[in-house]
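Participant: Chains as they are written, first to last, in this note's numbering: chain H, 1 to 531; chain Y, 1 to 531.
The reader is advised that the hints may include incorrect statements.
It does not matter which identical chain is meant; a pair holds if it fits inside one copy or across any two.
Below 20 angstroms or equal to it, Euclidean Cα-Cα: the simulated EDC-like pairs (lysine to aspartate or glutamate) are [stated by the list, open to error]:
1) Lys447 with Glu503
2) Lys290 with Asp117
3) Lys459 with Asp44
4) Lys290 with Glu276
5) Lys447 with Asp485
6) Lys447 with Asp490
7) Lys459 with Glu446
8) Lys447 with Asp483
9) Lys314 with Asp117
10) Lys290 with Asp245
11) Lys290 with Asp201
12) Lys290 with Glu304
These are calculated hints, taken from the structure and not from any lab test.
Number of protein chains: 2
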Amino acid sequence: MAEEEMSTGMMGAESLVRTLVAGGVDTCFANPGTSEMHFVSALDRVPEMRCVLCLFEGVATGAADGYARMTGRPAATLLHLGPGLANGLSNLHNAKRAQSAVVNVIGDHATGHRQLDAPLTSDIEGAARPFSDWVRTSPNADAVATDGAAAIAAARSLNGRVASLILPADTAWTPLSPARSADTRDGVAPVPAITPPAKADPDRIAAAVEVLRRDEATVIFLTGEAVRDPLIDVAGRIAAATGADLMTPTQCPVISRGAGRPEVTRLPYPIAQAVEALSGYRNVLLLGAKAPVSFFAYPGRPGELVPPGVNVQKICGPEDDIADTLTALCNALGANEVEPARAPLDVPAQPSGEITPESLGPAIAAAIPDNAIVIDESLTSGRSFMGPTSTARPHDWVLGTGGSIGYALPNAIGAAIACPDRKVICLESDGSGMYMPQALWTMAREKLPILIVIFANRKYQILRAEMTNVGAQIGPSAASLLDIDQPTIDWTGLARSLSVEAEQVTDLDALNRALAHGVALDAPYLVEVVL
Amino acid sequence: MAEEEMSTGMMGAESLVRTLVAGGVDTCFANPGTSEMHFVSALDRVPEMRCVLCLFEGVATGAADGYARMTGRPAATLLHLGPGLANGLSNLHNAKRAQSAVVNVIGDHATGHRQLDAPLTSDIEGAARPFSDWVRTSPNADAVATDGAAAIAAARSLNGRVASLILPADTAWTPLSPARSADTRDGVAPVPAITPPAKADPDRIAAAVEVLRRDEATVIFLTGEAVRDPLIDVAGRIAAATGADLMTPTQCPVISRGAGRPEVTRLPYPIAQAVEALSGYRNVLLLGAKAPVSFFAYPGRPGELVPPGVNVQKICGPEDDIADTLTALCNALGANEVEPARAPLDVPAQPSGEITPESLGPAIAAAIPDNAIVIDESLTSGRSFMGPTSTARPHDWVLGTGGSIGYALPNAIGAAIACPDRKVICLESDGSGMYMPQALWTMAREKLPILIVIFANRKYQILRAEMTNVGAQIGPSAASLLDIDQPTIDWTGLARSLSVEAEQVTDLDALNRALAHGVALDAPYLVEVVL
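Only chain H is shown next, with the shape it has when bound in the complex:
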């Protein structure tokens, strides 16, 4: 009777919130509307759920991506009908490409209301599907717990996926019925078995060992856990034992780098440099990564970046068990006792004088504190950052994965909430930063220790290069669409308007001081670097 009484009156929304918390999803990035009000109301009865308000949905989905990259666990998002979901889709695209586990909760009209075609009605499942790995609409309040648990399992399957659960308003506001299934008696459904990634394939391991034992130039192209603590050490042992190089895709979700870490090269973005980086290898072994392709197609340039005739061989794919495969490979090579070649601690001296493209990398490298999370959307400004930072204090480097710009500021929120004891440094270009400036408000609200560095070149610099790459001419009209200096964006004013402290710097000494101040501050701080 006590159990019966406890659950009397519990509505679907509370049942979902309790199921999420019980399933390990205790953080929700939210921009709610009317159809989500019962979910919001339930938060007062389930204090274990931390709900972070975002002023735009792309901030919420980008934050969930950043959270998943740091924890390996899904956060929830709370989005309002089709248009609210739509505003979050571009960062879900990035999350999906990062294999980040995300549980989207998307409110919909009450089941009976859909047929009336009220103004906000749209095909939510249709909108979600291109950017989700799993989509389901909950049919009634009793099913919500089970569907929520299924969404968690879907998100945690196969190394991480995007799950979108659509919650019609009546399923949220209807009390659970006594007739509901026994395993959801207290409103909480257990998370079903996840689909695990496939374990190491012995044949592929053996074939890789055979290649690695040849006296041939070989690169292991790897991503995911294989380039992060602690497994990057295993990758380093394999490299040291075999002489193979380690390389990540350009769009690698997270790389553990800096002093003490084995060196892993990142494939450069510019196609000529990428082709150059891959030339000279006889073998490319794929470990969790797909064979590298150019980001865009260019007339007369290759799409597949590995030259013809090179042996490309898969050890495991993105949805396979990367940890198990890497460990099995190391075992098969007998490399467990081999010491990796580790980067020394060699923090560059702070540069001085005028800001140049080459001086930015050392300035950043000098500023990175121990165990920082660096979120990099600096694009053209950041192309020289990897070298100087490779011997900086140990840190994680987070990269854009899906090419949808505007991911970095939201991602930084998720990283900071996931790792409250770590400094987050967000390297942002001005063009990309203007996609989701609303993120600054949530950073201020939550007092997140994020240092934002805006590289203000005041143009879509990357597009100028791309126009040349695709063979298009830049006349005055075209040029006017590539520059964003008319008018100039005052990033410090923008930040302050959202309660984020900020300063602008125009030389390296001021930059060094600003970075040090921002690193020390236990709050968000924005530095606009005028280039």
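Given the coordinates of chain H, work out where chain Y should sit on it, guided by the hints.
Facilitator: Then chain Y, alone, in the frame of chain H:
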């Protein structure tokens, strides 16, 4: 030979731009990326196309919506692959609900590149479909002109629709072949026949006349052209001749109002007020509008707002010829010579003293100049605006149509570019304004004479009411998700950071002065009204 030579070397992208211009689409709201560079490059060879740069795609689509509402003609948008489209979808939802004609041009990877699944690859057609009436991917350069012309026709069909044309990069950069069809010899395809809206249905007209001649309380529920200059006058004649009332849906794209215009009531948003407004009628005649339904479903409240037993009768639907139907109805009633009851010119006196909810309407009404375009996303703050403005100087009043917030600032851009001689006043709530603040930058860049009034109540006030409506409790956690005052947004600082002049006002005298200053200024101006 000359013709042959002229077209030699013309690429698909230029062919598309020329076709758009020839088809009357001479304005493009753009946020381009690599795959759109040839389109951008072609702008220098086709100066008739005006291209307006937006820093976020939702600004581009919202501007296209505003442009179409004012001109009845489509503008183009230029968007970058799936995620770029995704960022524009929420305002396309509004455009679709407004029956705005829009031609989206969405770049995609080159045809052969898609199979490589590069990071930016996504299902663009799938993403476009829920928010478009027409979707097509162009297969090759020769087809681009024909497909572009078809997109224009689709957008202009049935009173206005959203057409999405996907342009793989190679179709843009490939020269037209000599083998292309004869009707695209100069790279320009003629616009095919549009699907016209159905003309007046004589049976429905006769049935409506029969109802209107009864001595019964009747309301004509109408939208589209029927409530805009010049046809609103015809609606006024019908009302005067028959005693019927005129009412628009809550989400009406544009209403011509103020001095000299026949009175048309707007159905209130709050469900109790809406039910009240419709009570007492024996007949509801639908002219271009669908039968009114509640915006959201609420437990125990009606979804259909017309009380049971009332005669609801369709004269024509949203995709029928509203102008022809209205004119035919007026003819059938012999009402062409009847003088409508026109609103007098009765500009309220400027209110003075403290700002109250009731004083805002008169202050706005006093400030509206002749022939202004008022774009209203003031939501809760604006619920008292319709009364005082009904006798203001003549103006057009633009409303949210799809319920996706953040439409007003982008819409104002489109309206200002469509109507360079008219003042645009954008009434914006703070919560909604934060969805697309990037619009301010484009306003400054294009020096658009837009007066933005931000009603800063520093909360999602509408949601507080909605929580009560749906029967959800507001505890401290829930309340924290409904307030946006921690931290406070400094709208004047935000505007200035994007080069828009701004001031904050806290009393009515300052508000009056600020509104007058903004109306007189030939540039954007933002007034933050602290409530």
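Participant: Tell me the hint numbers this structure goes against, listed in increasing order.
Facilitator: No numbers; nothing is violated.
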